[in-house]
Amino acid sequence: MAVFRKQENAKNYGPYRKSFEIRKYGNTENLHLRLEGVFDPDAAKALLDALKHIAGRFDKVFVHTSPLEELDESAAELFREGLPGFSGGFEIIFTGDYGERLVLQSNSILFVR
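Per this note's numbering, the very first residue in the sequence shown carries number 1; after that it's consecutive.
Read the hints as simulated data drawn from the structure, not as lab findings.
Keep in mind that the hints are not guaranteed to be accurate.
[To be verified] With a Cα cut of at most 35 Å, we get these calculated DSBU-like pairs of lysine-lysine:
1) Lys-52 with Lys-24
2) Lys-60 with Lys-24
3) Lys-24 with Lys-45
4) Lys-45 with Lys-60
[What the hints assert, rightly or not] Per label pair, the in silico range of CB-to-CB distance:
5) Thr-28 with Glu-70: 32 to 42 Å
6) Glu-73 with Asp-49: 14 to 24 Å
7) Thr-28 with Glu-73: 29 to 39 Å
8) Lys-24 with Asp-97: 18 to 28 Å
9) Glu-29 with Asp-72: 27 to 37 Å
All C-beta atoms, glycine included, are put in the ideal place defined by N, C-alpha and C.
Work out the full structure: start from the sequences and follow the hints.
And the structure:
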């Protein structure tokens, strides 16, 4: 299992450190990305970068959002703004508590062509 990790400096957020991880697992056809921690603007960029690196290698990418502790609305907007630049013919399927908020679609399925 691969982990993409973003650890923020405490001075940016006050006395507590906030972190974000993307845990990756799957098979040759489908990839699962499990988002953990705080989804802030840096996390949105990390997720977009991860998706760009795997574009075209899988038919479906499942993004599991239930493990997130918090979702920053500005981060969700930044993520949505970055999605139109994708190509590669794969589906991104969002699951969990924050899935619909990330894509603003009731079915939480995004087709990337």
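Cross-check of the supplied hints:
At most 35 Å may separate the alpha-carbon atoms for a hinted pair to count; Lys-52 and Lys-24 meet this at roughly 14 Å. Distance hint between Lys-60 and Lys-24 is fulfilled; the C-alpha atoms sit about 13 Å from each other, no more than 35 Å. Between Lys-24 and Lys-45, the direct Cα distance comes to roughly 16 Å. Compliance with the 35 Å bound is thereby established for this hinted pair. Between Lys-45 and Lys-60, the direct Cα distance comes to roughly 20 Å. Compliance with the 35 Å bound is thereby established for this hinted pair.
Remark: the range hint 32 to 42 Å for Thr-28 to Glu-70 is upheld by a beta-carbon distance near 33 Å. With their beta carbons about 21 Å apart, Glu-73 and Asp-49 fall inside the hinted range of 14 to 24 Å. Here the CB-CB span from Thr-28 to Glu-73 is close to 36 Å, well matched to the stated 29 to 39 Å. Here the CB-CB span from Lys-24 to Asp-97 is close to 20 Å, well matched to the stated 18 to 28 Å.
The supplied range of 27 to 37 Å is met by Glu-29 and Asp-72, whose beta-carbon atoms lie about 32 Å from each other.
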